[in-house]
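Peer 1: Position chain W relative to chain R; hints supplied.
If you're matching them up, the sequences are chains R and W in order.
So for the first sequence, the numbering used here puts the first residue at 28; every next one is plus one.
So for the second sequence, the numbering used here puts the first residue at 28; every next one is plus one.
Don't take each hint at face value.
Identical chains share a label here; the pair holds if one copy fits it or two copies do between them.
[Claimed, not checked] Computed list of lysine to aspartate or glutamate pairs in EDC-like fashion (alpha-carbon distance at most 16 Å, straight line):
#1 Lys107 / Asp127
#2 Lys161 / Asp54
#3 Lys324 / Asp77
#4 Lys141 / Glu115
#5 Lys480 / Glu243
#6 Lys133 / Glu106
#7 Lys141 / Glu184
#8 Lys365 / Asp85
#9 Lys125 / Glu115
#10 Lys133 / Glu144
#11 Lys133 / Glu110
#12 Lys480 / Asp454
#13 Lys125 / Glu106
#14 Lys114 / Asp137
#15 Lys114 / Asp127
#16 Lys125 / Glu110
#17 Lys338 / Asp370
#18 Lys262 / Asp461
#19 Lys482 / Asp461
These aren't lab readings, by the way, just hints derived from the structure by calculation.
2 protein chains.
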Amino acid sequence: MGNTLTSRSQDYSQWYNDLILKGGLADYSAVRGCMVIKPYGYGLWENMRDVLDKMFKDTGHQNAYFPLFVPKSLFEAEEKNAEGFAKECAVVTHYRLKTDPDNPGKLIVDPAAKLEEELVVRPTSEAIIWNTYKNWIQSYRDLPLLINQWANVVRWEMRTRLFLRTAEFLWQEGHTAHATKAEALEETTRMLDVYANFAEEYMAMPVIRGVKSVNERFAGAEDTYCIEALMQDGKALQAGTSHFLGQNFAKAFDVKFADKDNKLEYVWATSWGVSTRLIGALVMAHSDDEGLVMPPKLAPLQVVIVPIYNKDAEARQRIDDKAAEIINGLKSKDIRVKYDNDDTNRPGWKFAEYELRGIPVRIALGPRDLDNNQAEVARRDTKEKQAMSLDGLVDNVAQLLVDIQQNMFDRALKFREDKTSKADTWDEFVRLLDEKTGFIYAHWDGTPETEDKIKELTKATIRCIPLNNVQEEGKCILTGNPSTQRVVFARAY
Amino acid sequence: MGNTLTSRSQDYSQWYNDLILKGGLADYSAVRGCMVIKPYGYGLWENMRDVLDKMFKDTGHQNAYFPLFVPKSLFEAEEKNAEGFAKECAVVTHYRLKTDPDNPGKLIVDPAAKLEEELVVRPTSEAIIWNTYKNWIQSYRDLPLLINQWANVVRWEMRTRLFLRTAEFLWQEGHTAHATKAEALEETTRMLDVYANFAEEYMAMPVIRGVKSVNERFAGAEDTYCIEALMQDGKALQAGTSHFLGQNFAKAFDVKFADKDNKLEYVWATSWGVSTRLIGALVMAHSDDEGLVMPPKLAPLQVVIVPIYNKDAEARQRIDDKAAEIINGLKSKDIRVKYDNDDTNRPGWKFAEYELRGIPVRIALGPRDLDNNQAEVARRDTKEKQAMSLDGLVDNVAQLLVDIQQNMFDRALKFREDKTSKADTWDEFVRLLDEKTGFIYAHWDGTPETEDKIKELTKATIRCIPLNNVQEEGKCILTGNPSTQRVVFARAY
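Next comes chain R alone, as it looks inside the complex:
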């Protein structure tokens, strides 16, 4: 199967689709722009979710669940937010179907069951949540309110890509309420750090932490913080955002609290989210022409053991017994392992299949290996094979998983460093974008008009203004106007 994949150099976009579909992560569905997340892809999402959920709880958050639907009148209350999402809202207008009188066995929408007020399928939940918070927040004692929701959301995108941009996607959205601006700002960056740590430590994907320009800001936010990653085709991908919402939603939904002096004040807000898009990022950051490459910490399956049987039943039994012993050892270390002794497939087919699926470590066990007290251990990231002694195998495989995780991060970091440049002139900027791709640090005069113009001319956008950015005098690459810092440009997903 591995052989039938498109290579990255041939057609990067097709390579990505091949990996998602043939690697068993997702499938197209009968609904425009919506995908089916297959068990292997969902297993990956479960691992991501469990790690993030623990990180959220360790930082004091609790989960809750708010309605899927937002009445139109609530949706439009925060005008900028509403305007930002209006063009991509799925709208429920009726609550009943009935039999088609002209077409037995077929159904039609019952015109008598029209809703008085249309319901928007949530594209994000600020409106419905802040309308609820109004009833939950009276005094400073009710603050901070630190709530997260795991949910599906719908944004009717015109051009969709599996995981990267789908009409429906799964995500988490944190929505917090605070007594002071300082606390809300602190929360915003705290959660950005959680995302950055998750991306780097678990996804093995280095990210730049920064703030968005006005053009790229979340609709309804005062500031949008983000983490930006680099994909293997040199395009950037926004992997998570954390928004400082100021008092915009508190004002739109009239959410005030009595402070210690019993004075009524508007509440300060944040929201932050990551989605199944991270699966797309993970695939594009690490995989190769043979298939997926999963970072061990998130891999649904970390080790697979493939027996190399011959016709000797006794040898077969010896292999099964040794495999059982190794599996027990690995499981006692909480390593996710599978023994593939399915006779209907040949070892070579299995090797290709597990390579395609990106299992970090493959152990092959044959009669000769046992005679030599060793196993053949292959690592997916470098495709190196080595004979490993059966003595201490479990410990060595556990260490190998740690090494693979680190190597994947180091490799991705080196790739990003190689693909990061500075541009000081317009010509250099355009040339780097076209020929080298990647992140380009360049001066910008700080105006939305210039950013728009650069996007129009090159399709590159400002990915972020890095946190703790070096301040240096310079001239905008497009207008030559004065600038105080370089910002990060790239073409992006």
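Peer 2: Just chain W now, kept in the frame of chain R:
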């Protein structure tokens, strides 16, 4: 707060609502029939989900995720299923809002963005899933396909109740595909057993396992298996269902597989689900006039420690130190514990609050307790208090949690047994229903018409025909026609 609750005898229905709202499980929302699941309620759902998810995985199932929307033409493919759900479908007809030209700042549905084909918000996912399985199943080697989905679904119910019947609810739905009828039937009862074990071992709620009559069968199923529980007002509640779908969906979506002889056969199917409705069942099965009573195995918080401070700072420190020691001990046994040393509330207020929330064990620690090397330990189920020695306290509290779990089950079982009767005549049946309530075993002639008539006359329905039911000759309580077995009647939620 506890004092302001309605009592069960006063108004059972209001008592239930008071507990859900004041106990912090859920809140009403701005969307008709939809609720907000608050952190405490969601924590309970997370515990239920985690236990069930492990049970599903232990029986060989994997999770996946399918689209929220079902195109109308797919939805109507299995006619009985479509007909059964058509009257309660939320329908998406448009994919965009636009600014209202007559009303600046307001939005209207953009008539130019009408979908060619309407999308039904899934009330259940058989249609979208079987349309997908068609592409995944070709040969007997692809079977069985054992998939579960955790998701939100929408059924536009006219009369809603928090948790028990909401327009949107959270659930899991298993959808499996098999090569033979026998395997599918086995799966149907296997999952019924999983549900029954979960209800009894974790929710401490005894259930009857049985099969539904034709009238109460899931639309599109050949047979619906169910677990039925008894609430404290003597009404039954269907707590989970497992459906044998025969080949109905395989035929509707043309899903065939090549068997070992390369002959094409239709696939056999099951589906099974439980929902956030279980939270309503848990509340109604166990709680009392002082508030919620949580079974320890699912309680978001199992033990709360309340310090009884006086003004002596040194005594305060001694209490904090001892509490920290106890908490460490409890946490090392994976017991979920909280130390409530919030100075702004008095101990009496806290006692009432934790009673309302149903925390299984409350430990009070005061200076005099420490002097006597003991703590005051109160159990929520019986409201008994005892002085417990600090020596061995952790072990004794762990054992107390086990005892509470068992006692709650025993008490609920005794209640059900007391509320279970046999009726041999119509008059007796009606009198038992009205005066004693509960489950009534009675003969029925097996016809849907008789069942309808009984429902019309008494509002009682056949909850189920118990599995392994005793066969005995008798006469239908309504018609006097011959019958071979008693079935279980009750008024139900």
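Peer 1: As a check of your reading, is lysine 141 near glutamate 184 (CA-CA no more than 16 Å) within one copy, between copies, both or neither?
Peer 2: This pair counts as between: shortest inter-copy Cα distance 15 Å, intra-copy 26 Å.
Peer 1: Have a look at lysine 125 and glutamate 110 and pick one of within, between, both or neither, based on CA distance no larger than 16 Å.
Peer 2: between (34 Å within a copy, 8 Å between copies)
Peer 1: Between lysine 338 and aspartate 370, at a C-alpha cutoff of 16 Å, which is it: within one copy, between copies, both, or neither?
Peer 2: within (12 Å within a copy, 75 Å between copies)
Peer 1: When Cα atoms must be at most 16 Å apart, do lysine 107 and aspartate 127 count as within-copy, between-copy, both, or neither?
Peer 2: Answer is between: at 15 Å across copies they meet the 16 Å cutoff, but 41 Å inside does not.
Peer 1: Check lysine 125 against glutamate 106 for me: Cα-Cα at most 16 Å, and say if that holds within a copy, between copies, both or neither.
Peer 2: between (36 Å within a copy, 12 Å between copies)
Peer 1: Quick one: lysine 482 to aspartate 461, C-alpha cut-off 16 Å, is that within a copy, between copies, both, or neither?
Peer 2: Answer is within: at 14 Å inside a copy they meet the 16 Å cutoff, but 75 Å across does not.
Peer 1: Given identical chains, is lysine 365 near aspartate 85, meaning Cα to Cα at most 16 Å, within a copy, between copies, both, or neither?
Peer 2: between (31 Å within a copy, 15 Å between copies)
Peer 1: Can you give me the call for lysine 114 and aspartate 127, within, between, both or neither, at a CA distance of at most 16 Å?
Peer 2: Classified as between: cross-chain Cα gap 13 Å, same-chain 31 Å, threshold 16 Å.
Peer 1: Given a CA cutoff of 16 Å, do lysine 480 and glutamate 243 count as a within-copy pair, a between-copy pair, both, or neither?
Peer 2: So lysine 480 and glutamate 243 pass the 16 Å test inside one copy only (14 Å; across, 64 Å).
Peer 1: State whether the alpha carbon distance between lysine 161 and aspartate 54 is at most 16 Å within one copy, between copies, both, or neither.
Peer 2: Between copies only: 12 Å across, 41 Å inside.
Peer 1: Pop the pair lysine 262 and aspartate 461 into one bin, within, between, both or neither, using alpha-carbon distances up to 16 Å.
Peer 2: This pair counts as within: shortest intra-copy Cα distance 11 Å, inter-copy 71 Å.
Peer 1: Checking lysine 125 and glutamate 115: alpha-carbon separation at most 16 Å within a copy, between copies, both or neither?
Peer 2: Only across copies: lysine 125 and glutamate 115 sit 10 Å apart there, 28 Å inside one copy, limit 16 Å.
Consistency with the previously given hints is maintained throughout, with no hint failing.
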